[in-house]
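Let the sequences and hints guide you as you build the complete structure.
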Amino acid sequence: MSRFGYVQADSLEDAVGFLQAYREETALLAGGTDILLRMKSRLDRPKYLLNLKDVFGLRGIKRNESGIEIGSLTTISDILDSPLVAGAYGLLKDTCKEIASPQIRNVGTVGGNLCQQVWCPYYRNGFLCWLNGGKICPAVLRGGDNRWYQSIFGGDRCLAAHPSDLAIALLALDADVEVCGPGGSRTLKVDQLLPGVKREEGRIRFVSIRGDEILSKITIGLKPDRFRYKYAKFRLRRSWDFAIVGIAVAGTMENGVCSNIRIALGGVATKPYRCIEAEKILECQPPESDRIEAAAQAAFAKARPFSQNQFKVDIGRALVRRALSALRLDA
Amino acid sequence: MKMQGAQISGKARVIGLEGTVKIELNINGEIYPLDVEPRWSLLKVLRDLVGLKGTKKGCDQASCGSCTVLLNGLPIYSCITLALDAMGKDIITIEGLSQGDKIDPIQESFARHGAAQCGFCTPGMILSAKALLNKAGRPDENEIAEALAGNLCRCTGYSSIIKATLETLHRLR
Amino acid sequence: MEMHPSEKLVGKSVTPVMAYDKVRGSVEYPSDITLPDMLYAKILRSPYPHAKIVKICSEEVERHAKVKALVTYRDVPQIPMGQMRDMYVLEDRVRFIGDEVAAVAAEDEDSAEEALQLFKVSYEPLKAVFDPEEAMRPDAPLLYPDGNIIRGSSSKPTFVLQKGDIESGLKAADVVLERTYSTQFQSPLAMEPRCCVANWDGKRLEVWESTQRPSYVRDELARVFNLAPDNVRVVAKVVGGAFGGKNFVQRYTFIASLLSMKSGRPVKISFDRREELIGAYLRYPHKICVKGGATHDGRVTALYLKLVSNAGNAVRESLTPISIASRIPFVLYARIPNIKYEAYAAYTNTPSGGGVRGYGGTEVGHVLGLFMDELAEEIGIDPLEVYTVNTVKMGDELSHLAPRATNVKVSSVGLAECLTKGAAAIGWRASVPKSVLAVSERRGFGCAIGLWTGAGGSTPSGAQVDVLEDGSVILSNPVVDHGGEQQTELRQMVGEVMGLPMEKVTSIWGDTDCCPEDLTGVVASRTTLVVGVAAISASQEAKKKLLRLASEYLQADFDDLGIEEGLIRVRSNRDLKVSFGELAKYAASRGESITGSSTCQPNDSIYSFSAAFAEVIVDVETGLVRVSKIVNPVDVGRAINPLTLEGQIVGAALQGCGYALTEEMTLDKTYGFALNQQLYDYKSPSILDCPEIIPIVVESYEPLHPFGAKGAAEAPMVPVAPAIVNAIYDAVGVRIRDLPATPDKVLAGLRRKG
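Chains as they are written, first to last, in the numbering used here: chain V, 1 to 331; chain X, 1 to 173; chain W, 1 to 754.
Please note that the accuracy of each hint is not assured.
[Claimed, not checked] Which residues of chain X face chain V? A few of them, derived with a C-beta cut under 7 Å, are:
{"no.": "1", "residue": "Ala12"}
{"no.": "2", "residue": "Arg13"}
{"no.": "3", "residue": "Gly16"}
{"no.": "4", "residue": "Tyr32"}
{"no.": "5", "residue": "Leu34"}
{"no.": "6", "residue": "Ile76"}
{"no.": "7", "residue": "Ile80"}
{"no.": "8", "residue": "Leu84"}
{"no.": "9", "residue": "Met87"}
{"no.": "10", "residue": "Gly88"}
{"no.": "11", "residue": "Arg138"}
{"no.": "12", "residue": "Ala149"}
[Claimed, not checked] Quick partial rundown of chain W residues pointing at chain X, CB under 7 Å, derived from the structure:
{"no.": "13", "residue": "Val27"}
{"no.": "14", "residue": "Asp32"}
{"no.": "15", "residue": "Ile33"}
{"no.": "16", "residue": "Pro36"}
{"no.": "17", "residue": "Gly241"}
{"no.": "18", "residue": "Phe445"}
{"no.": "19", "residue": "Gly483"}
{"no.": "20", "residue": "Gln678"}
Simulated from the structure, these hints should not be mistaken for laboratory data. Since this is a predicted model, take the numbers as computed values, not measurements. Cβ coordinates follow ideal geometry from the N, Cα and C atoms, glycine included.
Have a look at this one:
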């Protein structure tokens, strides 16, 4: 790992102030489970590493009359241990249980989980690809391996699937993400936060956060009493592994009918993927098996898998089917 | 914990851009004054500066658990913990579980159940088990496995490890 | 053979002798060694799969303030190393992405890492080849002047062994089947990335290394550096796992030694996990074509195997797995009258293949485990019948040793008991109530058999026993502890012979300066028998000396003496006694020592047999295979220490699960890039992926071991993966013929079925 200066900030203001001056040379340090691995591989060599863990007010969970607020430096374990994350927000607990491993959950943060970069082995091992300064994605060449980490819904230049488990849960919960910068704070939805990787000002950006901004908190509004949810993560091993396909489904089940249904998939697209067509099939409808089946098919109607990841479509359909059926059973 | 350092912008402070930073780490109940570079992991500092070699470097990639230590009672990977970030916290390494000839009941169980074969994953595994046993309650086999899910073992097939942890649990409760 | 009904130590689950050190974290692994003034070295590795090194400019490296030495191909002895002599310490040629290019030693690891970036290397890229079949073509780019097919050509295999006549055997068959299978690169994945520390003091070279073969490393260092073997010392006491992966000489030992010679200081090279995954060697991957025929009663009349194996960029371990894998057909299935086994090993520009737990037997055992299951189905009989009819029995001659040795019979066979006990434990073909499955889940059962050496290797092992003045006995032996805790069972054997409790038996091991020789190393499941017999014979010799001395000392008849608990008593007058310690002092006063030493040869007639019965649950919608249970009966001859033995079986079985379902080192075929270089990408089972594993110890009482034991570290693994893959077929009707059986393959198979 290259040398760096460790930056201490006590307040968000101080942190943002530092970024204003040194955004090009600074990386953010929350739990460290992503940035430190990238620095060990020499993928990133920031001059400054800005520690967010001592910034006042970023870690914590609050319930109030408008819902729940989770600071971006709240750890995955904090969520699992908190009695406040209950009721509708239990989806977050189900999701957090399956993230990485206990040791990583003890330090990994909500903000870090959302902002983590892709884990495609071509990128992470420094092999020349579009992210690393090359021109193409080697995974989808004839000799490449695109089984585990690539999108099945195409992509722009980088075809690696977005890995965040929390992103799909928060998408299903219609969460708001607050980002603070020099001009104050702004609020984004998860799909705005994670539009897929882009190259901006010569830098690769995995999140729509400017260089002088910091993700500060997540807010989820109140959900009706009959709010139901389901999370599932398909992977080869039951620890550490990223989702080959992940699903978070949420909606209100009332009078035998779903409303405000949201179906979000992970591991299948370059950003967390909302299955809008599938949602339409179920919205304001009773979730009968043939409707669920139609939704499972519709969710993947636009799939364009690569040479080796067609199987993710099959797994995806199964997960959609099961999650929606579970919702129906919970009703 | 706050450190003195050159102030650059607003009130954010940069430390360790060159040379080392003077810190104190609380390891197994003792305070160690150390000079560290910011890039040094807690794992490196434990092994190379403090000389506590029981914590192992199995991958340096947060993927094996051999480097597990307890930080304020929580199991963490010391390979992805900066030494600076361990300041002001209680660090327990495997060496901290024994005092002279006396060893912790979990260590005794592991020994007698053959739960250490090559022994390389053992310190990390024991600390993860210890952290679980320190919590109240009576975890069953599944909960033990969940707690040890971040510790990879290649030798034992895990069965003796679960047996050892269950036996310790029964003895303690 | 002696049986000891009143055995005190043998057969007992004694707490492993290193256990307390291991649970305290106080064991010193090679990576824990720090010597005064030690330097840290790192290796520069090739970004090209195949290239000539045109120029290495190291000026900036030399200018780095903390750099104390560096080496390039210009600095190395021109003496080739490796079993095939296909490597030099460094060369002006690189043959895979990750190949060693140069190395630098600096005051600290960070500086060494920085200094690596300062090398300026110009490469001339060459055409590369990544597939062994392509490498065998006449127009393939050559890695070595003698061609890509090792010791062979496209018409002459690297190794061939046959008996009888395949064609006539096939003609006599009622059913003939031909199938092609493939197995993958599997990493031994020891938890400890290897490390060596080399210290040259001007006259002697001392090396601490994560190795299973200190004697061999010592000899190779002496040969390559032109030193007298006495001036080289290699130490390996406890190593953090090996599984065959730390079983030969690697360049880094020589690089560290050279850097120490150049700098005059000790030099440490610690592999990082990436280097450990791709920079040593992985289990040989093979493409195996099998053609076999059988009669309606399940008698196999002919069996033909043709292997094409990927040796990788150099033979960094040995070629032996390619040849001795033939023991699966020739020994396990000895009753098949016509067998031909031919293997082509080809160099490619990929990480090296080599021998890993089961050493060829795992791969070929896997493939034959699948083939026999398919053959049984084709005939319409239970695979257990195929296994019963065609496998070796007591009294059968081992024809694979001809013409070198004839009329050699297999020494002990416990396979039948493995099959009956295993079948009973899993409920084979029994209708017993089972857990409820989800709508998309299917349950399946599969079985397979296996075998591996119980006293393998090619050179003898030595042991020495000394009685000390404190009354204890010390066993000096060459066995490195890389997880088998063999010091424990060796001490049990010595203690049993000497009539001493465990506390009075110690051992020293793993140091070529003071321990007996063993060029084969701690491999091939040989320790329990080969070193065990040497230790027992040494103990018996020491015991005889004790008794002779005692007879003098006590003025009693030799035959009137008995040993118990460290005392020698006169049977006819029990008040007359003398302790071991007193005798040792007595001997010392006469300028003598009470010592015994012995060697034992490995033995090609000793095999450990195994079976595996697997229960799996397959999700037909997602292709996910969950193993719910593995029953793993193993014929170990005799369990010296049931606790450590069962630990070996369970550990081996889980490695078999990984081999079957999740583990692989995938290669990008455009560029030759090994993809699973981060440990989270190499899918070794976590505790949550572990099925219920039921080890069953079968004891056939191996006559060549005084306590009936033979080696058991590898045999358990061999049948596990094929049992799982056969169970997948039983569950969903899909034959997975390429390992690992990942969900994509299961789903593809289901789709093809329709």
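Taking the hints in turn, this is what the structure says about them:
no. : hint   : verdict
1   : Ala12  : holds (4 Å)
2   : Arg13  : holds (5 Å)
3   : Gly16  : holds (5 Å)
4   : Tyr32  : violated (19 Å)
5   : Leu34  : violated (14 Å)
6   : Ile76  : holds (5 Å)
7   : Ile80  : holds (5 Å)
8   : Leu84  : holds (6 Å)
9   : Met87  : violated (10 Å)
10  : Gly88  : violated (10 Å)
11  : Arg138 : violated (18 Å)
12  : Ala149 : holds (4 Å)
13  : Val27  : holds (5 Å)
14  : Asp32  : holds (4 Å)
15  : Ile33  : violated (9 Å)
16  : Pro36  : violated (13 Å)
17  : Gly241 : holds (4 Å)
18  : Phe445 : violated (21 Å)
19  : Gly483 : holds (3 Å)
20  : Gln678 : holds (6 Å)
Of the numbered hints stated above, those contradicted by the structure are hints 4, 5, 9, 10, 11, 15, 16 and 18, listed in ascending order.
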